[in-house]
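S.K.: Going line by line, the protein sequences match chains F and E. Position one of the first sequence corresponds to residue 1 (UniProt numbering), numbered consecutively onward. Position one of the second sequence corresponds to residue 1 (UniProt numbering), numbered consecutively onward.
Each hint should be verified, as a subset may be incorrect.
Pairs count within a copy or across copies, as identical chains cannot be separated in the list.
[Stated by the list, open to error] Straight line, CA to CA, 20 Å or less: simulated SDA-like cross-link-like pairs of lysine to any residue: (1) Lys156 - Asn126; (2) Lys203 - His279; (3) Lys168 - Asn43; (4) Lys168 - Glu183; (5) Lys148 - Gln253.
In short, the hints are calculated from the structure, not lab data.
2 protein chains.
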Amino acid sequence: MLYLIGLGLSDERDITVRGLDIVRSCSRIYLEAYTSILTVPVNVLEEYYGKTVKVADRDFVEIESDEILRDADKEDVAFLVVGDPFGATTHTDLVLRAKERHIPVRSIPNASIMNAVGVCGLQLYNYGQTVSLVFFTDTWRPDSFYDKIKQNATLKLHTLCLLDIKVKEQSIENMARGRKIYEPPRYMTVNEAVAQLLEVEEKRGDGICGTNTVAVGLGRVGCNDQTIIAGTLEELLDAEVGPPLHSLVIAGQMHFLEAEMLKSYAINPASIDQYADIHE
Amino acid sequence: MLYLIGLGLSDERDITVRGLDIVRSCSRIYLEAYTSILTVPVNVLEEYYGKTVKVADRDFVEIESDEILRDADKEDVAFLVVGDPFGATTHTDLVLRAKERHIPVRSIPNASIMNAVGVCGLQLYNYGQTVSLVFFTDTWRPDSFYDKIKQNATLKLHTLCLLDIKVKEQSIENMARGRKIYEPPRYMTVNEAVAQLLEVEEKRGDGICGTNTVAVGLGRVGCNDQTIIAGTLEELLDAEVGPPLHSLVIAGQMHFLEAEMLKSYAINPASIDQYADIHE
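Here chain F stands alone, though its shape is the one from the complex (with noise of 0.2 Å):
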């Protein structure tokens, strides 16, 4: 069998106890590493399982897909994913080869960002679609983001906004070069989100995620030291949201409820009364 199991968003205590007994039954543990991550490494879970655990990277994943599934038909596999197993097109890959080879395949949801985001007070069910914001370059700026959140402020949704995660990243130079040195791993923070947000704003005008529109700054959600911020643009443009991995919700119109849990959180709630869209 291959389990493709959901290790929440914290740390090694965040599996469910279903996956924790499973884990501890596999034969060969991989870790998909690329996507998101834990707040504690690779060893702390080895010890905590009992079990080696090996590192799987997107190339891992991508090409050595043989390896992992090696046998799995015969024994039990386990593939971590932070969060939920479902988070990333690539692991519909892995259980689609895995099919293919006739492998058995069983997954152990989790919280993901995707609805632990919920924690803010925004009801999961007034968003819409997700999007994500990846790191502008000198050349680079993309900002089809910017439809999707118009789309979902036209519909009076939340946009949650998933911020990008450099890791094992290559300097352009040691790619030209071959040479495997990696870059520092990098986490977009809120900050610098609602920097990119503005400036496409700026150019685009139609008053979608301006220096009023309200938000939310979430910082290592499902952690003990979580971090939630409400505010508008401008106000969480320099909001201290704490340690990655930060996310950011554009809200749209708002129930009552939502309102006051976002006051609560607000680094001034009179900006919530005054800017957030809500209704009774």
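With chain F fixed as given, assemble chain E onto it according to the hints.
M.R.: For chain E alone, coordinates are given in the frame of chain F:
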């Protein structure tokens, strides 16, 4: 501290290790029992925790929140929610009441249908707004969900349909006579949901959820006997999805890999090729 703890989707072992440790250390434990259900009764939870669990129905949570919050500034109280704690508005209300009294609140996230639905292969970031389908009665056949599915379809997005749950409902006669006699619980099946969608499509006629619309029926997501069946609505009208709870996804445009996953679950893979809107 007031702890809101997600129990996940299946049985007593879908709680996270962190959540379980907290539950076992709390002085009072409440189980919210009206927006979803586990596959095990409350006495199984009590045995597993080694603690008494008080079942809290909707009235209790809304009217007796004082009792839930009693002394929670001095001792630890657990409020258990099937799935993730922030699936339903009522819990936001409880958090706000706690905050008013300066009771610290912490939540332990878990999988909910809102993210675990990703297991069907349709990617979570391609979903629009979630809709709820309620049981039609002779006199009440609300169809506002149709407009939301239409909005999502226009944006080529998938729609998760949450299906109605009726627990502790009184008949009109028993309610009128003040008799606390409750009807047996009812859980909307995929078949019932599809019949309602086809009825509304017949009336509205925009081609949003007709007989050839591709959809996915899900039963007991996250459980060992999880069922996933893809097909046209006509095919799903009589499909066997197994015991409750059920959910339904109306597919929007899909990526090639999403379509491959759907075909692996299809009643008739050729229907997916014929009727799905697939892009490379």
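S.K.: Against this structure, judge whether each hint is valid.
M.R.: Hint check results:
1. Taking the shortest Cα distances, Lys156 and Asn126 sit within 20 Å of each other both inside one copy (8 Å) and across copies (18 Å).
2. When the C-alpha separation of Lys203 and His279 is checked against a cutoff of 20 Å, the pair qualifies neither within a copy, at 30 Å, nor between copies, at 30 Å.
3. Taking the shortest Cα distances, Lys168 and Asn43 sit within 20 Å of each other inside one copy (19 Å), while across copies they are farther apart (48 Å).
4. In this homomeric assembly, Lys168 and Glu183 come within 20 Å of each other (Cα to Cα) only inside a single copy, at 6 Å, whereas the closest approach across copies is 58 Å.
5. Taking CA atoms no more than 20 Å apart as the test, Lys148 paired with Gln253 passes in both settings, with 16 Å inside one copy and 15 Å between copies.
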